[in-house]
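Got chain L; can you put chain G on it based on the hints?
Chains as they are written, first to last, in the working numbering: chain L, 1 to 473; chain G, 474 to 865.
Please keep in mind that the hints were generated in silico from the structure rather than gathered at the bench. None of these values were measured; they are calculated from a predicted model. Treat the hints with care, since some could be wrong.
What the hints assert, rightly or not - In the EDC-like style, the derived pairs of lysine to aspartate or glutamate whose C-alpha atoms are separated by at most 16 Å in a straight line are: (1) K624/G - D206/L; (2) K683/G - E144/L; (3) K669/G - D658/G; (4) K71/L - D668/G; (5) K261/L - E272/L.
Claimed, not checked - Example chain L residues on the side facing chain G (calculated, C-beta under 7 Å, incomplete): (6) V79; (7) Y113; (8) L320; (9) D324; (10) I349.
Claimed, not checked - Quick look at which bits of chain L chain G covers, simulated, 3 or more residues with Cβ under 8 Å: (11) 30 to 43; (12) 93 to 102; (13) 205 to 215; (14) 299 to 310.
Just so it is clear, CB atoms sit at the ideal spot from N, CA and C, and this is done for glycine as well.
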Amino acid sequence: MTLASRPDGRPRKQIHLGAHFPGVNNTTVWTDPRSLSQIDFSSFEYLARRAEAAKFDFFFLAEGLRLREHKGRIHDLDVVGRPDTLPVLAALAAVTDRLGLAGTLNTTFNEPYEVARQFATLDLLSGGRAAWNLVTSSDAFTGENFRRGGFLDHAHRYERAAELVAASRELWDSWEDGAVVADTATGTFVRPGSARPFDFRGEHFDIAGEFTTPRSPQGHPVLFQAGDSDEGREFAAATADVVFSAHGSFDDGRAFYADVKGRLGAYGRTEESLKILPATAVVLGATEADAQEKAREIRLQQVSGPTAIAFLEQVWGRDLTAYDPEGPLPDVEPDTANADVTRGKVRHIKDPAPVVAAWREKAAARGWSIRDLVIEVTGRGQFVGTAAQVADDLDRHVQEDASDGFILVPHLTPSGLDDVFDEVVPLLQERGSFRTEYTGTTLRDHLGLGAPRPAQPASSGTASSDAGRVLVG
Amino acid sequence: MSSSLDFPITGAPRQLHLAVDLSDAGAHPGAWRTQGSQAQQLFDANRLQDLVSTAQRGALDFVVLDDAFSLQPGRPGAHGLQGRLDAALVASRLAPRSAGIGLVPTVTTTHTEPFHVSKALATIDHVSHGRAGWQVAVSTTEQEAAHFGRKPAPTLEDAWAEAAEAIDVVTRLWDSWEDDAEIRDASTGRFIDRDKVHYVDYDGVHFAVKGPSITPRPPQGRPVVVVRADDPPSLAVAALRADVARIRATDVEQARELRDQLRAAAAGHGRDPDELTVLVDLYAVIGLDRASAQARLDLLTDLAGASWDNDSLTHVGTARDLAVTAEEWFAAGAADGFTVRPSSLQTDLAALVDAVVPLLVSQGIFRSEYPGTTLRDSLGLTRPANRYAAIA
Numbered sequence: 001m002t003l004a005s006r007p008d009g010r011p012r013k014q015i016h017l018g019a020h021f022p023g024v025n026n027t028t029v030w031t032d033p034r035s036l037s038q039i040d041f042s043s044f045e046y047l048a049r050r051a052e053a054a055k056f057d058f059f060f061l062a063e064g065l066r067l068r069e070h071k072g073r074i075h076d077l078d079v080v081g082r083p084d085t086l087p088v089l090a091a092l093a094a095v096t097d098r099l100g101l102a103g104t105l106n107t108t109f110n111e112p113y114e115v116a117r118q119f120a121t122l123d124l125l126s127g128g129r130a131a132w133n134l135v136t137s138s139d140a141f142t143g144e145n146f147r148r149g150g151f152l153d154h155a156h157r158y159e160r161a162a163e164l165v166a167a168s169r170e171l172w173d174s175w176e177d178g179a180v181v182a183d184t185a186t187g188t189f190v191r192p193g194s195a196r197p198f199d200f201r202g203e204h205f206d207i208a209g210e211f212t213t214p215r216s217p218q219g220h221p222v223l224f225q226a227g228d229s230d231e232g233r234e235f236a237a238a239t240a241d242v243v244f245s246a247h248g249s250f251d252d253g254r255a256f257y258a259d260v261k262g263r264l265g266a267y268g269r270t271e272e273s274l275k276i277l278p279a280t281a282v283v284l285g286a287t288e289a290d291a292q293e294k295a296r297e298i299r300l301q302q303v304s305g306p307t308a309i310a311f312l313e314q315v316w317g318r319d320l321t322a323y324d325p326e327g328p329l330p331d332v333e334p335d336t337a338n339a340d341v342t343r344g345k346v347r348h349i350k351d352p353a354p355v356v357a358a359w360r361e362k363a364a365a366r367g368w369s370i371r372d373l374v375i376e377v378t379g380r381g382q383f384v385g386t387a388a389q390v391a392d393d394l395d396r397h398v399q400e401d402a403s404d405g406f407i408l409v410p411h412l413t414p415s416g417l418d419d420v421f422d423e424v425v426p427l428l429q430e431r432g433s434f435r436t437e438y439t440g441t442t443l444r445d446h447l448g449l450g451a452p453r454p455a456q457p458a459s460s461g462t463a464s465s466d467a468g469r470v471l472v473g
Numbered sequence: 474m475s476s477s478l479d480f481p482i483t484g485a486p487r488q489l490h491l492a493v494d495l496s497d498a499g500a501h502p503g504a505w506r507t508q509g510s511q512a513q514q515l516f517d518a519n520r521l522q523d524l525v526s527t528a529q530r531g532a533l534d535f536v537v538l539d540d541a542f543s544l545q546p547g548r549p550g551a552h553g554l555q556g557r558l559d560a561a562l563v564a565s566r567l568a569p570r571s572a573g574i575g576l577v578p579t580v581t582t583t584h585t586e587p588f589h590v591s592k593a594l595a596t597i598d599h600v601s602h603g604r605a606g607w608q609v610a611v612s613t614t615e616q617e618a619a620h621f622g623r624k625p626a627p628t629l630e631d632a633w634a635e636a637a638e639a640i641d642v643v644t645r646l647w648d649s650w651e652d653d654a655e656i657r658d659a660s661t662g663r664f665i666d667r668d669k670v671h672y673v674d675y676d677g678v679h680f681a682v683k684g685p686s687i688t689p690r691p692p693q694g695r696p697v698v699v700v701r702a703d704d705p706p707s708l709a710v711a712a713l714r715a716d717v718a719r720i721r722a723t724d725v726e727q728a729r730e731l732r733d734q735l736r737a738a739a740a741g742h743g744r745d746p747d748e749l750t751v752l753v754d755l756y757a758v759i760g761l762d763r764a765s766a767q768a769r770l771d772l773l774t775d776l777a778g779a780s781w782d783n784d785s786l787t788h789v790g791t792a793r794d795l796a797v798t799a800e801e802w803f804a805a806g807a808a809d810g811f812t813v814r815p816s817s818l819q820t821d822l823a824a825l826v827d828a829v830v831p832l833l834v835s836q837g838i839f840r841s842e843y844p845g846t847t848l849r850d851s852l853g854l855t856r857p858a859n860r861y862a863a864i865a
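Isolated chain G, as found in the complex:
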């Protein structure tokens, strides 16, 4: 492969980033029916802990955990996997027995309290010593609205406007304690320096929050904010407030346009575009050869009783071909990396880590070990300054 990825300015090769989506039994709806899928342990922490260990073996940037206030859309009587755990609590459960790898639960903003969201994510960051992220999501269905009975389902635009406010207030609450607020000064009897603990006094369209947080500033300052830029409203929020934007694209041109659009919009908000990592969703069926990968996909499709139509990059083939595709998209400026969606977690995650990652490492575009201890370290993102300390 070429050496075109070397940055002449710094001399250091640009590194790509890899996340993996651990939702359900895999991205393919037939995955739970395969041998070894451990479908009966779907809600068992040990199954998830093993998957995180595998991802960590490959020094992947982070795992992402899907969540919603509704069941997976099912077809009555069909072969549908259903059931969810609270993703934030799963992430926390996974923290003490993992290291290096980021833990990114989906937490919604439509029917939740920003104050609770803020302290939950801050706590996952404390428990994991700086490995927490937050995949922001909204609830736009009548079904979810009826589960709360507080307000009608919002439009997509309204839901993301509220999400933008929620991200703002949540990050303010993370900043509401300065890093050195706790002083334990026995001579004066003061535990904190209260000049370093701040009210956020947020008064938005959707909510008002006084603050400060009850939880001291998390190790990363602010856990990493991930937004799936799937439509114009979420894309706008990603450009304004996300550290990582997930996009879907089926060809390299489409991805490059989306990435350029996100970077330009971020720059328009006065942000450094390199502080916004753009990851393309990559569905993967990995086999020893192309035919065996295709045969496994055929089996999955048969088990699901429906064809697998994805709206993003889909690879059915060998580890080598996947590495080549990843490098091409990366070199073309279509992606800073990928959120890999293994068709079947039990099979494709190990193939990704043990077969694809070593090829990317040998090409010099992926790490073989974690560069630091926090998710920000892995993503090459700076630890944000505290906005309240800056004012003081």
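For reference, chain L alone in the conformation it holds in the complex:
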């Protein structure tokens, strides 16, 4: 059934879909015999080719710049190790034609001149398919791998990210479209005046000179942003083209969507200029009961006994290896002085005492073991059901403004989205909610984004006031 418009008469929204390469947390199941290498290029090529055949908007690759540690040692229970983001995306450009190529590059441990030419290069090599997921970090733990160390105060990380983007935009804009004429007859290679010097002076960067790389097909790569704090949301509204959101459930998604889209007006932007895409998983079954059973099995694979204990240790801040993961919760109290037992993870719990109390109450009431509890409290929003149910649900989220689409996170490398490609995508296409062919060539085309936003004027005042607006917003 194809509907031209939504029930309230507004035009039907098109769903945008990204394929997330499995990451290095316990979402990714490696004990399954179908799990293949997270390093070998054939895994990346497989997922990218399948995503392109299904007409997905983009492929997505995350980054981590320090191996996680638990109790002072490298965490060994999840997938460990991954290749460098941008070289993988550049290689994928050789084996795909239309698929967007999105990757995370940290805004704290990279300099604008280098990162701007890397993304301009990726965009040129891929014919306009590059996207940069801006992730801010400030931790000294990661900084130990870099010459400049963990130099950044937490409060300054978005300020630096905003300046990094502003500086990068100035570099990308320093070459005009069509500047390279390569006129063999006259000997003019670059049209005079079309590649200009840059001069960017801000709080974090003070750079000037000439950019090496001609303007790429998209002008600027598509910018993704994933931060969820108030600062992060404001930064997204000011800067991003796509929000990589953690708000996958319907009500939560609608609230987040309304909040972030509501911030766009202040920056002179339309709602269509920023796409909100929650990360989510899909589990399919022949019947709903099948799917629920499969989802339960996957959760058991994701949360092994040792993983459950290690998770509790993060909250308790102490060694809990003496406890049976299939038994009741530890009776010892958390060691609040030792909150950094795990380093390099994304989120930290600031005060464990109330969390532990709530978990004890919950587990006692429902007769949960340690492992049951961890399965429950670490469960992320996912879509579980038959292909028809899931297609319905995904479409409802988009048409009713809980999102503009999804970044789908498989639990298996590299075949974890095969059933979505084969069973769900055709149903979304039948409804008229998802493309059956690519209509453009660039990722901006796929996402319905217009021309890139121009660089801020190159004065120091603009650069710092832009960053300041992010901070107070």
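Positioned in the frame of chain L, the structure of chain G alone reads:
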């Protein structure tokens, strides 16, 4: 030609090595203005992919891609080609659709992070199944320093001292995972054996890096390190840390002295000198006869509006004469091979592969197919042992 190249000890002829420099439209500044130069596709991956296919047809050892954090030095308003892509990403883009041939991007060490450099090159090695190399370069201009705004331009000596440290830490990061660190032991729930993943704890003059790398050890163990030994500081670094040294010399004596000097210095560091391959830069204009080669050079010079003055071996002539020169330099111990710098990529690379290479093959001093799958295989370099495994 003589059979003087046969090694009596092993009975196997010593083989020369050939690399080709794919920078710009060719080594001659007028190359982009010639017919068929595809200058408008200069930043198009397909043009580069075609060039790599040609080089691979000749079983050449590797292609090298120039890079710098500044535009090509241009003369304002003159006929200058300008613009660069990030060479590491180009190398990775070329990997899935090539085989056998090594891919060697230039990656600088002055304004970059060794941790990023290490994982980028390791990844190119993974993507190419063991064909990555790294041409180390430094940034000594004020212009490049201003592009980063972090520190003043270093002296050449300081820049290469930092490069030596960068090579050290990058190769340590490549070794920070032992080859069999990933165990996927479902019975204990352990994905890696963390005793086989090591901190590098590097604390040098220019930077400190904790490690380990986020990327497992590359297929070659360590991608091939290439250094252009153009001056005393870079020559010293090449002797200490390079697998391949590129030198420039205009006559055979000068090249032999440089090669001897490099080999002696390498031996002085306790290295086997045969693990350091010395390649002479060879500029080439190849024609059906000497007159046509000269005529093409005259045209290029005319198009560039300047004479072509090279500081290394330059051949303007036939494929046969080039093969003879190459064999003479090789036999004289002046070179283990050459980095060919075609005057014009679209013309001279095909001539090298289709006319010069078959002559070298017939002389028994060059391969007709790849001996293995990795760049180390082509160069006859051993896969290095892991320094951390050795300690354990």
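Practice task
Against the earlier hints, flag every one the structure doesn't satisfy and list their numbers going up.
Solution key: Checked against the structure, the hints that fail are numbers 8, 9 and 10, while the rest are satisfied.
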